[in-house]
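Asker: Please work from the sequences and hints to get the whole structure.
Number of protein chains: 2
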Amino acid sequence: MHDLAGADPAVRFSPYCWRVRMALAHMGLDVETIPWRFTEKDAIAFSGQGLVPVLRDGDTVVHDSWAIAEYLDKTYPDRPALIEGEQGRALASLTRHYAQNVLATPMLKGVVGDLFKAIAPGDQPYFRESREKRLGMKLEQFQIAPEAAAAQLGVALSPVRALLKEQPFVNGRRPAFADYCLFGVFMWARGVSAVELIAAEDPVHAWRERMLDLFDGLARKSPRAVG
Amino acid sequence: MHDLAGADPAVRFSPYCWRVRMALAHMGLDVETIPWRFTEKDAIAFSGQGLVPVLRDGDTVVHDSWAIAEYLDKTYPDRPALIEGEQGRALASLTRHYAQNVLATPMLKGVVGDLFKAIAPGDQPYFRESREKRLGMKLEQFQIAPEAAAAQLGVALSPVRALLKEQPFVNGRRPAFADYCLFGVFMWARGVSAVELIAAEDPVHAWRERMLDLFDGLARKSPRAVG
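So the sequence lines, in the order shown, correspond to chains A and B. Mapping of the first sequence onto our numbering: position 94 corresponds to residue 94, and the numbering continues sequentially without gaps. Mapping of the second sequence onto our numbering: position 105 corresponds to residue 105, and the numbering continues sequentially without gaps.
Keep in mind that the hints were calculated from the coordinates and are not lab data. On a predicted model such as this, the values are computed, not experimentally measured, just so you know. Be a bit skeptical, because a hint or two may be false.
Because identical chains cannot be distinguished in the list, a pair is counted as satisfied if it fits within a single copy or across any two copies.
Result set (DSSO-like, lysine-lysine): computed pairs, CA atoms no more than 27 Å apart in a straight line [to be verified]: (1) Lys165 to Lys138; (2) Lys74 to Lys165; (3) Lys133 to Lys117; (4) Lys133 to Lys165; (5) Lys165 to Lys41; (6) Lys221 to Lys74; (7) Lys138 to Lys109; (8) Lys138 to Lys74; (9) Lys221 to Lys117; (10) Lys117 to Lys41; (11) Lys109 to Lys221.
Answerer: In structure tokens, the structure reads:
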């Protein structure tokens, strides 16, 4: 699997790649991750497009985290499912849209400076240009104080917080793909920044701790570009 | 079923009661609705609390829309299910929290003046006092221009809009309880106000039209306190 890496190749911070890392561990499937940078389009040209994650499984190449999850469920039906039933599919898809459309913005506002510093120097011009075009402003203008970002994120997390008061994981008693979609956004921030945007008493904080502990601490052990 | 009614007893505008009306129709169960006002606490004292919906099914009394949905699925297993599986339960619960925590606020900002006018005169002091306490301001201060409310609602709908580009209903190919939770918020506004907060080209608009058409136009035919 090609996995977005920072200036330190051990630092992996793509929310979409984290969805897949967790999904593979969920299924008990081993994976070799290949560090990849935003500008290394040639290295993944074999996938027919230019974004990670790209998963190669034997002779099969699949890109896009959602397509990979569907591929894994279909290809390994004897392993624990990531998405169950039509309502489960809707849960996972609603959660991924919520993560990327609603949560990513306040998260990025809090950590964009740290994120820029953690990116490989060769990727920085690409990152700045593409993100400033998307945001319509300079990265430095987009950044806000950690307290302000935490407050905005806290409001945005309201429906998930209410759900996590009822059950330990987004999916219910056990985590599955909806959890990994949500968790990816948190791993994006964690990989590059020491800024804490979630209050210790927030049920989302306890959920994140449970997620960090999964699969023998897979996510917790992942190197960070902080300090 | 006791169902919140306006000054005109035919006007029913509780988002929680609409969840149950749609759920009962989904199951093909007939219901007699009894108009109820906020201040008629005595009329539902038999349920042990003071809020609607309250459903009486034979000798069984159930209150709270979520508890009613679970009761119906358990009691009528041969009818079409409202919530399927653990991931489906999470979808429905996440959607209800999203509807009441995220969508209800911009919706109310757009229609609160109309809502207040549609409420039974005897309920108006109760409504004003309880809502102004909750909002921390006068109803008149909370109201914003329809265009501003539509813009805020449009942003809040982003994850649902993305989901509805993939499939016709929140639940997938067919509607179920998550759809009814979301739809309740729209019926709340529709019952009391002619203000249109959703653009005609928004996929959410087309979804709402499909919901209004369900069950032989049950929701579309419901009287409104408008014009």
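Asker: Have a look at Lys117 and Lys41 and pick one of within, between, both or neither, based on CA distance no larger than 27 Å.
Answerer: This pair counts as within: shortest intra-copy Cα distance 21 Å, inter-copy 60 Å.
Asker: At 27 Å max between alpha carbons, let me know whether Lys109 reaches Lys221 within a copy, between copies, both or neither.
Answerer: within (25 Å within a copy, 46 Å between copies)
Asker: I want to check one pair: Lys221 and Lys74. Are their C-alpha atoms no more than 27 Å apart within a copy, between two copies, both, or neither?
Answerer: Cα proximity of Lys221 and Lys74: none, with 29 Å in one copy and 43 Å across.
Asker: Is the C-alpha distance from Lys133 to Lys117 at most 27 Å within one copy, between copies, in both cases, or in neither?
Answerer: within (19 Å within a copy, 46 Å between copies)
Asker: Given a CA cutoff of 27 Å, do Lys74 and Lys165 count as a within-copy pair, a between-copy pair, both, or neither?
Answerer: For Lys74 and Lys165, the Cα distance is within 27 Å only across copies (23 Å; inside one copy 32 Å).
Asker: Can you tell me if Lys165 and Lys41 fall within 27 Å by alpha carbon in one copy, between copies, both or neither?
Answerer: neither (43 Å within a copy, 29 Å between copies)
Asker: Please work out whether the CA atoms of Lys133 and Lys165 approach to 27 Å or closer within one copy, between two copies, in both situations, or in neither?
Answerer: between (38 Å within a copy, 25 Å between copies)
Asker: Under a CA distance limit of 27 Å, which applies to Lys138 and Lys74: within one copy, between copies, both, or neither?
Answerer: Intra 43 Å, inter 55 Å, cutoff 27 Å: neither.
Asker: Classify it for me, Lys221 with Lys117: is the Cα-Cα distance of at most 27 Å met within a copy, between copies, both or neither?
Answerer: within (21 Å within a copy, 58 Å between copies)
Asker: Under a CA distance limit of 27 Å, which applies to Lys165 and Lys138: within one copy, between copies, both, or neither?
Answerer: neither (38 Å within a copy, 31 Å between copies)
Asker: Evaluate Lys138 and Lys109 at a C-alpha cut-off of 27 Å and name the case that applies: within, between, both or neither.
Answerer: within (12 Å within a copy, 32 Å between copies)
Checked against the numbered hints above, the structure breaks hints 1, 5, 6 and 8 and satisfies the rest.
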